[in-house]
Amino acid sequence: MAKPLVTMTGINKHFPGVLALDGVDFQLVAGEIHALMGENGAGKSTLVKVLTGAEAFESGQIKLDGFDAPIINHSPQEAQERGLATVYQEVNLAPNLSVAENLFVARQPRRLGLVNWRAIHRRAEAILAGIGLDIDVDKPLESYPIAVQQMVAIGRAIDVSAKVLILDEPTSSLNDQEVANLFALMRRLRDQGLGIIFISHFLEQVYEVCDRITVLRNGRLVGQYDVAHLARRELVSAMLGRSFDDLAALSRSDQDQSNDTTPVVRARGLAVRGGVKPFDLDIMPGEVVGLAGLLGSGRTQVARVIFAADPADQGTRLINNRQLPDRPLDSVRAGLAFCPESRKDEGVIGELSVRENIVVAQQSKLGAFHLMSHAEQVELAQHYIDLLQIKCASMETPIKQLSGGNQQKVILARWLATHPELLILDEPTRGIDIGTKAEIQRLCLELADQGMAVLFISSEIDEMLRTCSRIGVMRDLEKVGELTGDQLNSSAIMAAIAGGEADD
Amino acid sequence: MTDQHSRWRRLIHSRLFFPLVCLALVLALNVVITMVTTGSPGPFFDINFSNGTINGPLITILNRSSELVILAVGMTIVIASSGGVDISVGAVMALSGAVSVWLLGYGTLADNSYHVASYVVPYGVGLLAAIAVGAICGAWNGLLVAKLRIQAMVATLILFTGGRGLAKVVSEGQITKVDVPSYKFIGNFIQDGSGHNVVPVSTAIFVAAAVVALAGLLLRHSALGMNIQAVGINPKSSRLVGLNSGRVVFFAFVFCGVCAALAGIIATSRIGAVDSSNVGKLLEMDAILAVALGGNSLAGGRFSLAGSVIGAITIQSLTTVLYSVNVSADQLPFYKAIVVVLIVVLQSPELRPMLQRLRRRFRPTAGLRQVVAP
Ligand SMILES: Nc1ncnc2c1ncn2[C@@H]1O[C@H](COP(=O)(O)OP(=O)(O)OP(=O)(O)O)[C@@H](O)[C@H]1O
Ligand SMILES: [Mg+2]
Numbered sequence: 001m002a003k004p005l006v007t008m009t010g011i012n013k014h015f016p017g018v019l020a021l022d023g024v025d026f027q028l029v030a031g032e033i034h035a036l037m038g039e040n041g042a043g044k045s046t047l048v049k050v051l052t053g054a055e056a057f058e059s060g061q062i063k064l065d066g067f068d069a070p071i072i073n074h075s076p077q078e079a080q081e082r083g084l085a086t087v088y089q090e091v092n093l094a095p096n097l098s099v100a101e102n103l104f105v106a107r108q109p110r111r112l113g114l115v116n117w118r119a120i121h122r123r124a125e126a127i128l129a130g131i132g133l134d135i136d137v138d139k140p141l142e143s144y145p146i147a148v149q150q151m152v153a154i155g156r157a158i159d160v161s162a163k164v165l166i167l168d169e170p171t172s173s174l175n176d177q178e179v180a181n182l183f184a185l186m187r188r189l190r191d192q193g194l195g196i197i198f199i200s201h202f203l204e205q206v207y208e209v210c211d212r213i214t215v216l217r218n219g220r221l222v223g224q225y226d227v228a229h230l231a232r233r234e235l236v237s238a239m240l241g242r243s244f245d246d247l248a249a250l251s252r253s254d255q256d257q258s259n260d261t262t263p264v265v266r267a268r269g270l271a272v273r274g275g276v277k278p279f280d281l282d283i284m285p286g287e288v289v290g291l292a293g294l295l296g297s298g299r300t301q302v303a304r305v306i307f308a309a310d311p312a313d314q315g316t317r318l319i320n321n322r323q324l325p326d327r328p329l330d331s332v333r334a335g336l337a338f339c340p341e342s343r344k345d346e347g348v349i350g351e352l353s354v355r356e357n358i359v360v361a362q363q364s365k366l367g368a369f370h371l372m373s374h375a376e377q378v379e380l381a382q383h384y385i386d387l388l389q390i391k392c393a394s395m396e397t398p399i400k401q402l403s404g405g406n407q408q409k410v411i412l413a414r415w416l417a418t419h420p421e422l423l424i425l426d427e428p429t430r431g432i433d434i435g436t437k438a439e440i441q442r443l444c445l446e447l448a449d450q451g452m453a454v455l456f457i458s459s460e461i462d463e464m465l466r467t468c469s470r471i472g473v474m475r476d477l478e479k480v481g482e483l484t485g486d487q488l489n490s491s492a493i494m495a496a497i498a499g500g501e502a503d504d
Numbered sequence: 001m002t003d004q005h006s007r008w009r010r011l012i013h014s015r016l017f018f019p020l021v022c023l024a025l026v027l028a029l030n031v032v033i034t035m036v037t038t039g040s041p042g043p044f045f046d047i048n049f050s051n052g053t054i055n056g057p058l059i060t061i062l063n064r065s066s067e068l069v070i071l072a073v074g075m076t077i078v079i080a081s082s083g084g085v086d087i088s089v090g091a092v093m094a095l096s097g098a099v100s101v102w103l104l105g106y107g108t109l110a111d112n113s114y115h116v117a118s119y120v121v122p123y124g125v126g127l128l129a130a131i132a133v134g135a136i137c138g139a140w141n142g143l144l145v146a147k148l149r150i151q152a153m154v155a156t157l158i159l160f161t162g163g164r165g166l167a168k169v170v171s172e173g174q175i176t177k178v179d180v181p182s183y184k185f186i187g188n189f190i191q192d193g194s195g196h197n198v199v200p201v202s203t204a205i206f207v208a209a210a211v212v213a214l215a216g217l218l219l220r221h222s223a224l225g226m227n228i229q230a231v232g233i234n235p236k237s238s239r240l241v242g243l244n245s246g247r248v249v250f251f252a253f254v255f256c257g258v259c260a261a262l263a264g265i266i267a268t269s270r271i272g273a274v275d276s277s278n279v280g281k282l283l284e285m286d287a288i289l290a291v292a293l294g295g296n297s298l299a300g301g302r303f304s305l306a307g308s309v310i311g312a313i314t315i316q317s318l319t320t321v322l323y324s325v326n327v328s329a330d331q332l333p334f335y336k337a338i339v340v341v342l343i344v345v346l347q348s349p350e351l352r353p354m355l356q357r358l359r360r361r362f363r364p365t366a367g368l369r370q371v372v373a374p
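Top to bottom, those sequences are chains A and B.
If you're matching positions, the first sequence starts at 1 in our numbering and goes up one per residue.
If you're matching positions, the second sequence starts at 1 in our numbering and goes up one per residue.
Hints were generated in silico from the structure; no laboratory data involved.
Some hints here could point you the wrong way.
Across the chosen pairs, the derived CB separations fall in these ranges [what the hints assert, rightly or not]:
1) T316/A - F17/B: 54 to 60 angstroms
2) P311/A - V169/B: 42 to 48 angstroms
3) V344/B - G296/A: 42 to 48 angstroms
4) R10/B - Q314/A: 32 to 38 angstroms
5) Q389/A - G216/B: 33 to 39 angstroms
6) N218/A - G216/B: 30 to 36 angstroms
As the structure is a prediction and not an experimental result, all values here were calculated from the model.
Quick reminder that beta carbons are idealized off the backbone N, C-alpha and C, glycines included.
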């Protein structure tokens with residue numbers, strides 16, 4: 001066996017009200033890609049944070065190759081100096097700085113004591129080229145989609161000479177090509193002798209790229225396995241602690257839409273200057289419509305314009321045959337709901353409690369002077385905490401203390417609580433474990449059966465095939481077609497997205 | 001036992017714990033200083049009844065802190081919703097005070113013979129005008145911050161400097177006064193025709209209490225409290241759930257302006273005159289400090305009104321303590337700064353982990369079982 005790089009033994013970590021890590025052992029050896037798996041809130045991110053000093057731990061021991069005595073990192077900087085490079089689950093970059101600045105914050109190449117901007121520019125481009133990203137590094141980071149931001153975060157981490165690379169859900173917003181690039185890079189680094197910790201909820205990716213898997217459940221170690229000797233089914237039951245009926249059991253009921261119902265949304269020629277080109281879209285009650293396309297193809301913009309999160313520059317938008325002002329409040333009042341792509345930026349309200357985060361949309365729909373009583377709020381919050389199995393110490397816990405996946409569930413709960421007529425979901429299952437993912441898909445179909453319309457955006461084609469009865473295809477900021485019935489299979493969708501023979 | 005234990009823990013972890021400790025410390029400081037200088041604890045906690053009024057150092061502090069309490073309430077809302085501060089409140093106090101005096105009919109302090117038997121316009125009109133001036137100033141600030149997205153500190157700098165100038169224009173550069181006795185009621189005691197106190201407690205205390213109570217009720221019985229915090233924490237998320245962050249911030253500034261006007265009315269009424277260059281001077285800084293001392297983050301978001309009120313009273317107590325040891329008015333800010341630094345350090349969220357780390361270092365067995373790295 002190769003030499004161990006990281007050995008953690010008996011790690012304990014409490015948060016108020018939760019035992020996040022309960023005597024966890026973990027070992028990473030040189031030249032392996034090691035997956036860390038488990039349900040939302042299992043303790044994966046916490047284990048990583050303990051290792052990198054982002055969180056303190058109560059007891060246990062961490063040994064690092066090259067250090068005789070056990071070590072404790074007191075800060076991520078210290079960990080970095082010891083050769084641990086990390087990309088955390090929540091991208092921690094400065095959105096209003098340029099890409100290049102983000103790559104070199106606090107470690108600018110200097111010449112004669114001055115920041116050498118030319119060198120920064122050149123090296124930034126080189127780093128990004130190394131991970132297959134070709135963008136203007138002088139533009140502010142926030143002008144790029146989340147996926148690009150995530151790649152930049154990865155670029156920043158691996159640039160420093162590291163022995164261990166830690167990636168906490170790095171692929172959650174990447175498309176297939178970007179994932180492939182990242183994996184190629186990971187393999188290359190592995191072959192150079194790096195140890196890589198990889199956290200992901202995507203089983204396929206884990207099987208594709210990883211050598212070993214450590215599974216956590218409820219803060220405890222379940223086991224460490226060789227990927228080659230672990231069947232998927234066993235992995236899933238190790239994670240969930242029970243066997244799991246295959247997702248395939250899920251199926252949409254192909255309901256016939258009578259023509260006389262009015263569409264919840266009727267978009268005609270909606271467009272954004274410099275953004276998505278004029279598109280038409282109708283969504284009927286009870287319908288689950290998907291939007292497929294590459295990153296940056298305009299999927300998110302379509303969703304945002306329909307919700308009026310961004311104003312359209314031309315075209316009409318009828319909600320239940322009514323024209324509404326382009327303001328989110330009017331959309332919410334008219335029964336629209338929108339889970340945005342960027343959970344941290346536009347979803348969670350960090351210091352507010354789980355309860356407040358759940359009731360806030362319904363409350364704003366009611367108006368500030370129709371305060372829901374405390375009892376009503378508690379009941380509503382509890383209902384969705386149970387329904388979506390949100391893991392939190394209590395509903396008064398600030399949402400920012402929840403694990404990533406559980407935050408996502410709270411945002412979903414927030415919108416379900418408004419009983420929307422149209423639920424717009426932009427990557428709703430990002431960072432959500434496979435058990436809950438299936439639950440959410442099932443819930444979508446169930447609500448659609450009760451008459452709710454859903455607009456569903458996901459980079460996972462399987463997920464869309466399982467839920468959608470119609471899929472709009474976006475390419476280069478243009479809606480190029482719709483697929484229904486027999487056309488709903490992954491090869492047809494792939495072809496349409498890529499701009500093959502499928503539609504022209 | 002365990003029950004008591006958990007209650008104690010809850011008290012310690014309550015947001016108001018530290019602000020209250022700070023207030024207690026400042027009061028204790030007063031007693032200690034009197035002990036040292038006079039050899040006895042002094043009458044600090046005495047409360048007596050004479051001349052138809054309730055008197056005592058504590059009552060005086062409460063009375064004197066009225067303006068600051070009112071300002072702190074408005075400032076809390078501004079900070080929570082926008083993460084910025086309104087530094088114009090002192091100037092707005094002067095301006096609204098000057099306007100009410102100008103309307104009600106005035107002479108100048110130098111003008112000894114000046115005397116009017118009744119107000120030129122009804123008293124209520126004078127008050128409403130002052131409040132309207134405060135609201136307009138707040139709306140102006142709100143417009144700059146919420147609509148034009150100018151940083152609050154910069155936006156309110158305009159009235160901070162311009163407000164007093166305007167007040168001087170209104171009062172024609174003089175210290176102006178109103179000679180009707182009832183004009184002094186709000187800042188002092190309500191009296192009957194023969195000059196006897198009717199209510200034993202200063203009216204200012206009632207006004208401050210009313211502002212706190214009204215704001216508290218409004219925040220508790222509407223979703224405004226949650227909305228203000230949501231907007232202050234994450235305006236983008238708030239917008240998507242249908243909150244209009246611009247409007248919330250705008251009204252926060254309007255509310256703060258009205259609070260400043262009320263404080264201005266009290267301050268003017270205390271002496272029955274308005275000196276535009278001195279009314280509410282430096283009070284904006286005290287108001288911001290009060291919010292911070294109350295355990296509220298100046299970055300916005302979560303807030304506690306009660307905390308700010310305690311903070312305001314703490315600052316006023318400190319001022320009283322310092323005056324009692326004969327610190328002169330122009331030296332006051334220096335000593336105040338020292339104590340404030342101490343208090344703010346005490347409340348810093350970084351301090352507790354730092355102390356814990358120190359403790360761990362000195363008693364390695366009590367903390368981590370493992371040894372710290374080489
Ligand atoms: N800062 C914090 N304060 C309090 N509790 C926390 C904090 N961070 C995490 N927790 C709790 O610790 C537990 C483990 O969280 P962690 O983030 O490690 O989960 P995870 O396995 O990464 O989940 P996910 O897949 O959703 O990202 C959760 O119950 C979470 O609520
Ligand atoms: Mg996580």
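Inset, instruction - Could you see if the CB distance from T316/A to F17/B stays within 54 to 60 angstroms? - result: holds, 57 angstroms
Inset, instruction - With respect to the beta-carbon atoms only, verify the hint that P311/A and V169/B lie 42 to 48 angstroms apart. - result: Cβ of P311/A to Cβ of V169/B: about 43 angstroms, so the range 42 to 48 angstroms holds.
Legend entry - Outcome for the supplied range 42 to 48 angstroms, where the beta carbon pair is V344/B and G296/A: holds, 47 angstroms
Inset, instruction - Please test the hint of 30 to 36 angstroms on the beta carbon pair from N218/A and G216/B. - result: violated, 41 angstroms
Inset, instruction - Given the hint of 32 to 38 angstroms, check if R10/B and Q314/A actually sit that far apart at their C-beta atoms. - result: violated, 57 angstroms
Legend entry - Outcome for the supplied range 33 to 39 angstroms, where the beta carbon pair is Q389/A and G216/B: holds, 37 angstroms
Consistency with the previously given hints fails for numbers 4 and 6, ordered from lowest to highest.
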